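> In case you want the letters, here they are:
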Amino acid sequence: MKEKEYRMGVRAQGGLLYMQGIPGVAFGDRVQVRDHRGGLRNGRVIRSAKELVLVQVFEGTDDLDLENTWVRFLEEPFRMPLSPELLGRVFSGIGQPRDERPPIVSSLSRDVNGSAVNPAARAYPKEFIQTGISTIDGLNSLVRGQKLPIFTGSGLPHNRLAAQIVRQARLLNETSGFAVVFAAMGVSYDDARFFRENFESSGVLGNVVMFINLADDPPIERLVLPRTALTVAEYLTFDLDLHVLVVLTDMTNYAEALREVATAKGDVPSRKGYPGYLYSDLAEIYERAGRIKNRHGSITMVPVVSMPSDDITHPIPDLTGYITEGQIVLSRELNNQGIYPPVTIPPSLSRLMKDGIGKDDTREDHPRVASQLYASYARALEVRNLASIIGAEELSGLDKKFLAFAEGFEKQFVNQGEDEDRSIIETLSIAWDLLSLLPYDVLTRVSEADLAKYHHRERGAVEHDLDDAETRPETVTHA
Amino acid sequence: MGSIVEINGPIVEVELPGVRTGEQVRVGEMALIGEVIGRRGERAIVQVYEATDSLRPGEEARALGHPLAAELGPGLLGGIVDGVQRPLNRILEESGDYIARGLEITSLDRKTRWPFVPAQGVVPGQTLNGGDVLGTVQETPSFEHRVLVPPGVCGELLEIVPAGEYGVETVVARLRDLTGEVAELKLYQRWPVRTPRPYRRRDDAVVPLITGQRILDTFFPLLKGGKGAVPGPFGAGKTMVQQQIARWSNADIVLYVGCGERGNELVDILESFPQLTDPYTGRSLMERTLLVANTSNMPVVAREASIYVGVTIAEYFRDQGYDVVMVADSTSRWAEALREVAGRLGQMPVEEGYPAYLASRLAAFYERAGRVETLAGGTGSVTLIGAVSPPGGDFSEPVTSHTKDVVQTFWALSKALADARHYPSVDWNDSFSGYAGIAARWWEEEVDSGWGAAREEALALLTQAGELARIVNLVGPEALSPEQRWVLEGAGLIKEGVLQQSALDPVDSFSTPQKQMALLNLMLEIYHQGARLLQSGVPVQELLRLPLLGRARRCKSSYSNDQLDELKAWGEEVRATFEGLRGEYSQMAGAGQ
Ligand SMILES: Nc1ncnc2c1ncn2[C@@H]1O[C@H](COP(=O)(O)OP(=O)(O)O)[C@@H](O)[C@H]1O
Ligand SMILES: [Mg+2]
Chain A
1 MKEKEYRMGV RAQGGLLYMQ GIPGVAFGDR VQVRDHRGGL RNGRVIRSAK ELVLVQVFEG
61 TDDLDLENTW VRFLEEPFRM PLSPELLGRV FSGIGQPRDE RPPIVSSLSR DVNGSAVNPA
121 ARAYPKEFIQ TGISTIDGLN SLVRGQKLPI FTGSGLPHNR LAAQIVRQAR LLNETSGFAV
181 VFAAMGVSYD DARFFRENFE SSGVLGNVVM FINLADDPPI ERLVLPRTAL TVAEYLTFDL
241 DLHVLVVLTD MTNYAEALRE VATAKGDVPS RKGYPGYLYS DLAEIYERAG RIKNRHGSIT
301 MVPVVSMPSD DITHPIPDLT GYITEGQIVL SRELNNQGIY PPVTIPPSLS RLMKDGIGKD
361 DTREDHPRVA SQLYASYARA LEVRNLASII GAEELSGLDK KFLAFAEGFE KQFVNQGEDE
421 DRSIIETLSI AWDLLSLLPY DVLTRVSEAD LAKYHHRERG AVEHDLDDAE TRPETVTHA
Chain B
1001 MGSIVEINGP IVEVELPGVR TGEQVRVGEM ALIGEVIGRR GERAIVQVYE ATDSLRPGEE
1061 ARALGHPLAA ELGPGLLGGI VDGVQRPLNR ILEESGDYIA RGLEITSLDR KTRWPFVPAQ
1121 GVVPGQTLNG GDVLGTVQET PSFEHRVLVP PGVCGELLEI VPAGEYGVET VVARLRDLTG
1181 EVAELKLYQR WPVRTPRPYR RRDDAVVPLI TGQRILDTFF PLLKGGKGAV PGPFGAGKTM
1241 VQQQIARWSN ADIVLYVGCG ERGNELVDIL ESFPQLTDPY TGRSLMERTL LVANTSNMPV
1301 VAREASIYVG VTIAEYFRDQ GYDVVMVADS TSRWAEALRE VAGRLGQMPV EEGYPAYLAS
1361 RLAAFYERAG RVETLAGGTG SVTLIGAVSP PGGDFSEPVT SHTKDVVQTF WALSKALADA
1421 RHYPSVDWND SFSGYAGIAA RWWEEEVDSG WGAAREEALA LLTQAGELAR IVNLVGPEAL
1481 SPEQRWVLEG AGLIKEGVLQ QSALDPVDSF STPQKQMALL NLMLEIYHQG ARLLQSGVPV
1541 QELLRLPLLG RARRCKSSYS NDQLDELKAW GEEVRATFEG LRGEYSQMAG AGQ
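Those protein sequences? They're chains A and B, same order as listed.
Counting in our numbering, the first sequence runs from 1 upward without gaps.
Counting in our numbering, the second sequence runs from 1001 upward without gaps.
Next comes chain B alone, as it looks inside the complex:
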């Protein structure tokens, strides 16, 4: 037991001998929750996750003896928790529309009973190790929750309960380790959020994460187990990209961490996801989703924790052998929370007020992404995607530039594109993916052997068009040759017919890999056909007048994922039109002679 010495915003100094850095504490009469982040002689510096108004020097402080840890077990899915994993629906019941302080609420519900079935072949006498599957709980009709022996625990199984309904606090098994110590295992375990959960070894990521967004999947792919970032100024579409990924990506579990952003954006998910169906399981999308929310008006300090709470839960599902995607909106707010605390601690700022350890913290966070062989010998992955909100849209600022150094996929959003309502506003010049080569293997085997070549050709066309556009802006379009004008049109088809994709269009919001490829091939085909006609003397004006150019741009919304045959049929018509033109012109050329 100790006492408060000073309150300075979220930073509280306490006299609490023996408390360790990282330990959880409760301070004041309201028992606000916080974490020790440093020591100053006999005193401990505590960052408090709740507003510190009306705390007084002299009030008591109490160490809890453990670091900030996540509760991991059945009941996580479909919920929304705050930055320190307190369920917001329970808080709502306890304290009404506004979040009260000092609440004591467990992360997992203690009352729900879950149907637990011991894993096959798990029998007393057998030796179990950390990470082994003890049994399963069918948490939703489509999701099997695997109850794991906590990492670090191993020994001989003394007993295990029979299949039945149990609450998370029930002891379902007991193990005796080599020293004779008996461990009681429950349906849930705790894990300190700042420590990555262990795995057997890291594997190379090999399959792309399919998000259904063409510019992401086809042009700047991300892999399951990869790390990606979405930087962009306000209004460019970062949140929308992340929500689209949360909606449509082919992951088993999606964690959406709203870190210092708008409350309404989480409500949007809470209200819309239960109505949407997961395209892969046919179940409600909410069943595979979990929200961690520390909105911009909630206390800053818990913002820093929210990212770690999120990634720890992600790792827990990975350890069960699942592919997990975590999107964090926005990592800049997390970095600002670091900065805020560093400032109050009087630590030396290095760039724009950020402490020197910003880069290493960012790198360490993204390092928790990966595809791994789990302790149980299965395969699971955590894909991390962080939004970055650069002040003034300036990508050279510290958070963006350090993030750029550690991620493999970088979806740079452009204000110019967003201003023209070209969404997703992913800039094809500034974005990159280090995974295109690996993704190509999957695409070429599963979808179309021409994927890599088509992608490269489209990117080259865009680059070429960019250069031509510069010339036009200097001297006008007259300076361009017919071939060059046709390049501009080809790039236009790629941009409007493939890259641009409205999240709000019910037909086009999600594009299967097959549709992505079909559209890309169609636009390239039109470009090729036209280029050939130009060579045989057809004037470019004649081509530019073709109504099919407008219709091609609309194909993405005119043909759904299930209408690819119709789309192909239209492609035949296009070919016929070009054939017809070729015929006319060769006749005319013949007649002219």
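Looking at chain A on its own, in the form it has when it is part of the complex:
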């Protein structure tokens, strides 16, 4: 069958090719399509019946002349050849070289769909990665093997942030860095170049494998690209024992390609026209991050997810947030104030932070300081809101302190240079500078011992601060 070419297409539409009268084709298998001009396209069987076979064509089905379209069933799933030679190379979504160098030849290749990791085989990720970025290290720490996306919007500096993470990420007491798998789906040429130059200038290019599908490349190829990239990441991790950082950008383009195909297939839409299986489909990708017991390497994943119209409840960021282990959310408002990175703290989260920080990993007070900063900033934002109604002069003395805290927090803690690589101790010390703007008695998330050790003023000296105390509605009002 592998040798044979068929010309039995009956319909071609929306990237789907319908074929009749070819019995016994395996579901999921790879297909090669030769069009009337002799051009080769790649595809995959996505439905197989005795009467009808449906093929998804990655390069699209535009201008296919069915009379002159020949299809060959390759009798195997999509596979990616694997070898150490991958490092430093650039590929398309289906693993074809994009760097004018020869294809990878290797006796080892794997099905790009992978299979589900047995949960009983996983090891819980807990090793703190210092990214040098205070909003991440201090408040939403990343650990090795975590999947932590950046939620962003058009025009926000997510690429710069992702590149900074790649440049600076390291373990506190290890020298070996990360190998990088960079998977770009539907990005602009400029963005792709930005990353490439960044990898080059920081000297890691030889440790990077890039998979590129540009904005004007066929969208359906985006569906296979992250899978190919992750197959390579798994190889680097579990065969070569490397610690791998995977950057996926932009998952929104991926999900849109998925919707396009689902619509063409006539799948029942759920929210905003995305198919009901978007969740499971994204999970197949994101859950490939992690650690496995008794294995040395790890896959840490930083997907970039654009929020259409800055809406975090849009299905793509929403479902992503339900799968990933937290999220770093960028804000247009902070960006407009010139704050970099414009990470907005309240909706940001790292779920795996709890086991990666504290006494043995970063510093003993770290978990409580993080919780206190969150709580105090939430309260400060309420005060700021109140000030916008009644005027800042009308605020009580304590509220004015909160206002100052919010200012300092954004300008000194959140804001930092694109090349500024802060140690976790520096980050914590900025945190205490700011917390010291507030009196002892409103800092109930930290312990008395923390206050004695790190707060800049002693208890007695602060007492009078509360002379003009006012109660304010608790951090969160229920309007």
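No lab work stands behind these hints, which were simulated from the structure alone.
One or more hints might be untrue.
Below, in silico cross-link-like pairs of lysine to aspartate or glutamate (EDC-like), each with a Cα-Cα straight-line distance of 20 angstroms or less [said to hold, decoys possible]: (1) A/Lys359 <-> B/Glu1059; (2) A/Lys272 <-> B/Asp1394; (3) A/Lys354 <-> B/Asp1505; (4) A/Lys50 <-> B/Glu1059; (5) A/Lys265 <-> B/Glu1352; (6) A/Lys293 <-> B/Glu1094; (7) A/Lys50 <-> B/Glu1029; (8) A/Lys126 <-> B/Glu1457; (9) A/Lys50 <-> A/Glu76; (10) B/Lys1415 <-> A/Asp311; (11) A/Lys354 <-> B/Glu1271.
Because the structure is a prediction, the values reported are computed rather than measured.
Could you slot chain B with the ligands onto chain A? The hints should help.
Chain B with the ligands only, in chain A's frame:
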């Protein structure tokens, strides 16, 4: 024997005459396992629990003659199984780190030998009925597994083995029924997961499930045998609430069903529970725990089954006379699996793509919760707690709203609270419990006769503070009277001193009912004392400056469950401080005249 006609993702159409809906089948050369979910003329529609890649039309399909059934017997505890009850540790041995397809693995281990002791008074000649206790197996030092006559089986006991060590396949007893048919009983039985196991009758749930989480136990209680739901947007703390319940609740057995969620969350349990001690038995927490896992990257169809596998195992332990808690994280993923299959079958979607039977399936699932008189005459219960993951955090979506209609306890998690790291982020305005009245009887008898009144006062204070906060946000704090400002402070004490409770704080992670009550009483007392001083003319600023307000908020982590006497002593100091203030002010007032 039949053959495959079509493969469309997890849905496979087969020509398999005579196969029944619900029956298990194996399809293809890899013998993938699936279940018949419908018929189309001569053809059967099969949902396959494993990925269907590389199946071809024409490959064979084989009916197994029985529906999806759980194996119930010794060896369940402490383990982790997939959505169709295959032990993941065995899969690991067979196929390595990634789950292979078409494996044939029994649910219960056939090699382990269990110490079986026939029940007292069970002797040949006697009549036994379904649900009767045949004997026991001491499965762990703290857990006695009761081997039951399977429901539906009854008759005269012909023979029973003496006490000794047996594998689950050993015939330990034989019964002859009225028609003369002989049934062989083993240490395990099978039960079809979609059929609720029978009991004698349903009893009213009467005692609260104590979870050690103050906002749950004190404010929105759940009963043993009750049904509860935890809805919330991502990151609000659903999983954490369920893990806390799995850790600390006073149940005999805990089933944790990870349905379409993260693999690492199950690993967290697998790695941490063996190190934790069950506060009630002093044994390792893992010994009373059982995990059912169909993580988000595992095949969707088995996700739908996993919930039923879980609840069937729960009912089996209930039938032995135990209190069982099952948490399901998340029922939304189960509903999505239903939707996915319905869509592929071309069934008419009604709301957001969900089929019309979503509501009835949800209700039927939760109906399997309850406190019952077992067939053997004992009492057991299944408490069901489902997480709900509404898209975009919108509680009006179908799964949340239908769930809300069937549960009695609804712990609504709030994004605003979670964003301020106020955990558990249970929203006191949107949550409810229909069990507070019944729970009050237990609390007032066992812990403090003032429970109901204190709870109501605290809730009223929170509501009042909510309204005042709205005013402040419109016109600023100056508009409030001193009494009103003190109400805000009182509510603040309740929120920070009682409701907020960090699961990660070793001292505060679990709060005994006594500590819950002590903290609540302390905060209310401070509020009352202050209110009285205000009346006698002490300015509110003077009160708000008291350092004890900050310390009161820290009491939950400063005093452990064993230090309630010290906490009470501190309460005395607080009283003294207020007395002192009262004294000063009455002197000043006197001097002023
Ligand atoms: N009770 C709690 N105490 C401390 N932290 C909590 C608590 N509940 C939630 N969290 C924090 O919130 C994060 C998200 O909680 P999780 O239960 O995973 O949310 P969800 O399941 O709703 O997405 C956790 O990783 C943890 O950091
Ligand atoms: Mg969760």
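> Are the hints correct? Go through all of them and say.
Verification of the hints:
| no. | hint | in the structure |
| --- | --- | --- |
| 1 | A/Lys359 <-> B/Glu1059 | violated, 59 angstroms |
| 2 | A/Lys272 <-> B/Asp1394 | holds, 14 angstroms |
| 3 | A/Lys354 <-> B/Asp1505 | holds, 11 angstroms |
| 4 | A/Lys50 <-> B/Glu1059 | holds, 11 angstroms |
| 5 | A/Lys265 <-> B/Glu1352 | holds, 18 angstroms |
| 6 | A/Lys293 <-> B/Glu1094 | holds, 16 angstroms |
| 7 | A/Lys50 <-> B/Glu1029 | holds, 17 angstroms |
| 8 | A/Lys126 <-> B/Glu1457 | violated, 43 angstroms |
| 9 | A/Lys50 <-> A/Glu76 | holds, 19 angstroms |
| 10 | B/Lys1415 <-> A/Asp311 | holds, 15 angstroms |
| 11 | A/Lys354 <-> B/Glu1271 | holds, 14 angstroms |
The structure fails hints 1 and 8 (numbered hints given earlier, in ascending order).
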